[in-house]
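J.: Sequence:
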Amino acid sequence: FVLEVMGRHAGWLAAAAGLAGDGPDQAPHLILFPEVPYDEAAFMAAVEATVKRVGWCVVAVSEGVRDASGKFLADAGRTDAFGHVQLGGAGPEIAARVSAKLGYKTHWAVPDYLQRSARHLASKTDHDQAWAVGAAAVKLALAGHNAVMPVIVRTRDAPYRWKIEAAPLAKIANREKTVPKSYIRTDGFGITAKARAYLSPLIHGEAAPAYGKDGLPKYVSLKNAPVARKLAEYRVGK
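Position 190 (the sequence shown) corresponds to 294 in the working numbering; numbering is contiguous.
Source of the hints: derived by calculation from the structure; they are not laboratory data.
These numbers come from a predicted model, not from an experiment.
Any given hint could be a false lead.
Stated by the list, open to error - Under the rule of at most 27 angstroms between Cα atoms (straight-line distance), these lysine-lysine pairs were calculated in the DSSO-like manner:
1. LYS298 - LYS228
2. LYS156 - LYS243
3. LYS156 - LYS228
Unchecked claim - Label-pair restraints from in silico Cβ distances:
4. SER203 - LEU246: 54 to 62 angstroms
5. ALA149 - LEU320: 27 to 35 angstroms
6. ALA247 - PRO196: 45 to 53 angstroms
7. ALA329 - ARG220: 20 to 28 angstroms
By construction, the Cβ of each residue, glycine as well, lies at the ideal position given by its N, Cα and C atoms.
Work out the full structure, taking the sequences as your base and the hints as a guide.
T.: In structure tokens, the structure reads:
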């Protein structure tokens, strides 16, 4: 089974999938990161070894996995409106390669927008931090600040502690924070204990939304009432 997750250049969601398994025989058995060049021979050998040992193999693959030359495995040969390479689907591509090389029956899935919108699955830590950065952004805007972004600063690992600060947009915009090498196993197919220690606090706690009598989650309907402008008018190119 192949699960494709978001991450064109940074494999944080792929790494997070590794939290689901607590040993070599628990899924996901293999993870493909965009930070690690895809080695087909090594990957197929790992898949085959896992199937022989466990009976099946679950792979979490980042949409941006690339070969040694830097080409996306899922390069569809098109670009989007911003000039970015349009990806055709790393999940089905990997599944097809496994079937062709090893003859295994495969199935693939893409959570797609559920990765962005499945609020009912958010951890309490995630919920609290999302609320905090949103509130901080409003306060910064009302105070007249510009060209800054609220950021989460980890102050302690155990127990997990954090705070919100403001960072200059010039140090953030159009930049990427990739998964550190120390967070990826030496074979390139999983996360390390250091990665698990960093990621684990972020999924702690539950913050399920309230449910109505109809069994559906109760979501807020925003009034979208505008407030008086605080910042100067901005024009592109000036």
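J.: Confirm or reject each hint.
T.: Right, here's what the structure says about each hint:
1. LYS298 - LYS228: With Cα atoms ~22 angstroms apart, LYS298 and LYS228 stay inside 27 angstroms; holds.
2. LYS156 - LYS243: Distance ~56 angstroms between LYS156 and LYS243 Cα, so the pair is violated.
3. LYS156 - LYS228: violated, 39 angstroms
4. SER203 - LEU246: 54 to 62 angstroms: Once the Cβ atoms are compared, 56 angstroms apart, the range 54 to 62 angstroms for LEU246 and SER203 holds.
5. ALA149 - LEU320: 27 to 35 angstroms: violated, 47 angstroms
6. ALA247 - PRO196: 45 to 53 angstroms: Taking Cβ atoms as reference, ALA247 and PRO196 lie about 48 angstroms apart, which means the hint holds.
7. ALA329 - ARG220: 20 to 28 angstroms: holds, 25 angstroms
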